[in-house]
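Kindly generate the complete structure, drawing on both the sequences and the hints.
Here the protein sequences line up with chains A and B, keeping their order. The numbering used here applies: residue 8 is where the first sequence begins, and numbers increase by one. The numbering used here applies: residue 23 is where the second sequence begins, and numbers increase by one.
Worth flagging that the hints you see were computed from the coordinates, not collected in a lab. For each residue, glycine too, the CB sits at the ideal point set by N, CA and C. You can trust all of the hints, since none of them are fake.
Calculated pairs, DSSO-like style, for lysine-lysine (alpha carbon to alpha carbon, straight line, at most 27 angstroms):
1) B/Lys-90 - B/Lys-78
2) B/Lys-79 - B/Lys-59
3) B/Lys-78 - B/Lys-25
4) B/Lys-89 - B/Lys-59
5) B/Lys-63 - B/Lys-25
6) A/Lys-85 - B/Lys-62
7) B/Lys-90 - B/Lys-59
8) A/Lys-31 - B/Lys-62
9) A/Lys-31 - B/Lys-59
10) B/Lys-25 - B/Lys-79
11) A/Lys-85 - A/Lys-31
12) A/Lys-31 - B/Lys-63
13) B/Lys-78 - B/Lys-63
14) B/Lys-90 - B/Lys-79
15) B/Lys-63 - A/Lys-85
16) A/Lys-75 - B/Lys-63
Derived coverage of chain B by chain A (criterion: at least 3 residues anywhere in the stretch with Cβ under 8 angstroms from a Cβ of chain A; other residues may be distant):
17) 46-56
18) 59-69
Some chain B residues near chain A, calculated using beta-carbon distances under 8 angstroms:
19) Leu-110
20) Asn-114
21) Glu-118
22) Lys-119
23) Leu-120
24) Phe-122
25) Thr-124
26) Gly-125
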Amino acid sequence: DAGVIQSPRHEVTEMGQEVTLRCKPISGHNSLFWYRQTMMRGLELLIYFNNNVPIDDSGMPEDRFSAKMPNASFSTLKIQPSEPRDSAVYFCASSLWDEQFFGPGTRLTVL
Amino acid sequence: EDKVVQSPLSLVVHEGDTVTLNCSYEVTNFRSLLWYKQEKKAPTFLFMLTSSGIEKKSGRLSSILDKKELFSILNITATQTGDSAVYLCAVNFGNEKLTFGTGTRLTIIP
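Pasting the structure below:
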């Protein structure tokens with residue numbers, strides 16, 4: 008198995024632009040998680056899905072952030088409009104039981 | 023509020039030393055505790071401890087869970103420079119979510 012796949016690996020954009028991050032979970036996993044990691048705040052859960060349904064989005068910072076999971080093999084995290092404080096590494100993880108497997112992350116820089 | 027606290031925040035030791043990393047949690051409902059290692063990339067899974075598996079060992083790494091006192095420790099013996107990383111503790115409080123601690127940054131000096 009290829010593991011969790013994320014794209015792009017790096018994204019540099021200007022403030023105000025729309026950013027879309029993509030994730031393909033491990034086949035057969037039924038839960039998918041989006042995290043954000045910064046030096047200041049550590050690893051924060053933004054939202055998670057179970058069987059493609061959003062279960063808990065209480066970690067989503069504000070309305071500028073949205074996430075979708077149209078099918079079991081694909082999810083997106085969108086930021087519109089982006090701001091410099093959104094700069095971070097965004098991880099996607101998937102699981103079947105308690106153990107979560109992380110993707111390589113997307114390093115987002117908003118100028 | 024469910025909470026996971028790790029200590030120390032950082033630790034610097036010499037190669038060959040033994041280290042103990044701590045993780046305590048406040049819980050409303052406990053299902054499992056997991057340890058991850060994070061180098062300059064994504065966290066990678068080390069151990070999972072549950073009520074039915076309170077001690078795990080893999081090579082030089084071992085971990086125990088004390089459900090009564092609500093803590094876990096991760097031991098690394100005969101440390102090597104490749105053990106330098108951030109070690110994350112995470113707790114499952116009864117659903118699919120993991121609540122992560124802030125991590126312990128371990129640096130091994132050759």
